[in-house]
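Hey, can you work out the whole structure from these sequences and the hints?
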Amino acid sequence: MDTILEINNLNYQDFHNLNLSIKKGQFYFIVGANKSGKTTLFRIISSLIVTNNVVCCDNLYLNCDTRKTYIKKIGVVERVNKYSFNYKNVQEEMLYPLINLGYSTNNAYKRIKEILNIFNLSSILDKRIDNLNFKEKQLLLIMISLLHHPKVLLMDNVLDIFSVSERNSVIVSLKKMIKDNNLTIVNFASNLNNIIDSDQIIILTNFKIIKETTYNEIYNNDKLFYDNGLEIPFIFDLVNKLKMYNIVKNNYINMKDMVDDIWP
Amino acid sequence: MALILKNDLYGNIRIDSNKIIGVMGNSYVKFIHMIKGNNCFYISKIDEFYTNKVDNEISLYFKNKENLKGDIEIVLNEFNLDNSFLNRSINDLSNGEKRLLKYVLAFISNNKIIIIDEPYLDLDYNFKKKIKSLLQRIIYETRKTIIIGSSDSNVIYELCSNILLLDKMYYYDKTINIFSNKDILNKYHIDIPEIVKFVDLMKEKNILIDYSYDIRDLIKDVYKCV
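Each protein sequence line maps, in turn, to chains G and S.
For the first sequence, position 18 matches number 18 in our numbering, and the numbering has no gaps at all.
For the second sequence, position 149 matches number 149 in our numbering, and the numbering has no gaps at all.
I should point out that these hints are in silico values taken from the structure, not numbers from a laboratory.
Hints are not guaranteed to be accurate.
To be verified - Below, in silico cross-link-like pairs of lysine-lysine (DSBU-like), each with a Cα-Cα straight-line distance of 35 Å or less: (1) Lys187/S x Lys82/G; (2) Lys224/S x Lys203/S; (3) Lys73/G x Lys98/S; (4) Lys23/G x Lys110/G; (5) Lys82/G x Lys132/S; (6) Lys69/S x Lys174/S.
Said to hold, decoys possible - A short list of chain S residues far from chain G (calculated; beta carbon distances all over 12 Å): (7) Ile4; (8) Asp16; (9) Ile74; (10) Ile108.
Claimed, not checked - Footprint (simulated), chain S over chain G, 3 or more residues, beta carbon under 8 Å: (11) 117–124; (12) 153–164.
Note that the coordinates shown come from a computational prediction; the quantities given were computed from them, not determined experimentally.
We put the beta carbon where it would ideally sit given N, CA and C, even for glycine.
Here you go:
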């Protein structure tokens, strides 16, 4: 699998010689407790903090001269705040970034409708942004960050405002984009919600990468996660505890399957 | 003493005071915006700060409060923060640190009602445990009422004794009565908490156990039924 995003020897604030390699077409979760360095790392990769030839995305090293080109390769989503939007209505907010990138009006609208369909949100196109609820605004920010066909989508703690079923629905849409467009997603989070949707987990503690692993590690080594300030999801906790009592032997991600096996 | 919340959409809603009340449903955000105001301290999920430094923000809210310095120290200690946190620029704070600042402001306020929108947002496991313990202490020691709005059923189940469901109508009851009632949950489009879901799956197999709040109690009950 090709590498799409790399960090080589990052030395910035409390980061010392940090190296990171992200493969194309995968859903990464970079997880860590508060003050682990997640937000700083997010800002470095998203070029909100510009480093000098340390971060490389799609074979382009980020520095002051390349920043303008670099940001076209990435999509960046943060939590909604009062400065998130430039225009009054959804149509303008989605259209003008594409026009500024050189899209024709026709092609821009085509792309907008495509993204809205993926997220089942065509109904908001004609709305004013003020009339959207908080979750719709967050989804709008996610969609806007995907309009320009970025290679990598970076999300900083944006999924937690959704309910479980809403989050699952957003992730289905994101995974469709991974599959159809070879998009790579890096989700920064302070918890392990929806970790079963990840391809790779990177655990960050005190500005260091402690481990790169998959969610199966949670079954074998939940202490690793608790020791690094990360609560393991209910199903994993339940399986691990039931294993201790020899009530189950297998690993499960589906509760119903587990109950059916315990009480056939 | 009941808390009576008056608003145009729903009329008068009487809810129990000195408790942690969960608010869920499609209209919960609208409801929170309606009731925040007099005598409520509101922790929103959006960054809303009025100054650029932590100590300035605290002074803005509590300029004339007695023993402010002492109260701040107590709360900072609870969160393992030291006085250097007070000199930080708000723009440089991470999402989690901004959230903690809001809790610091809430805990030193004199408001009778604290409203929290998504209480665990941006907080890691250790801070979540602290917040849970602090919320329970607030209820016990200060007799305040805490209203928690969330889309996450697991959070509401863990923290709240009673729930107010809001959509076109409202429904108010004890937490377990609501989460064990599938008709109500479907009507208000509420997810079932994971721990309740597991017990419900056991009940479908005619294995009758009580709903637990703690996974360790659940495991003991499961062990007895195997």
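Check each numbered hint against the structure and report the violated ones by number, ascending.
6 and 11
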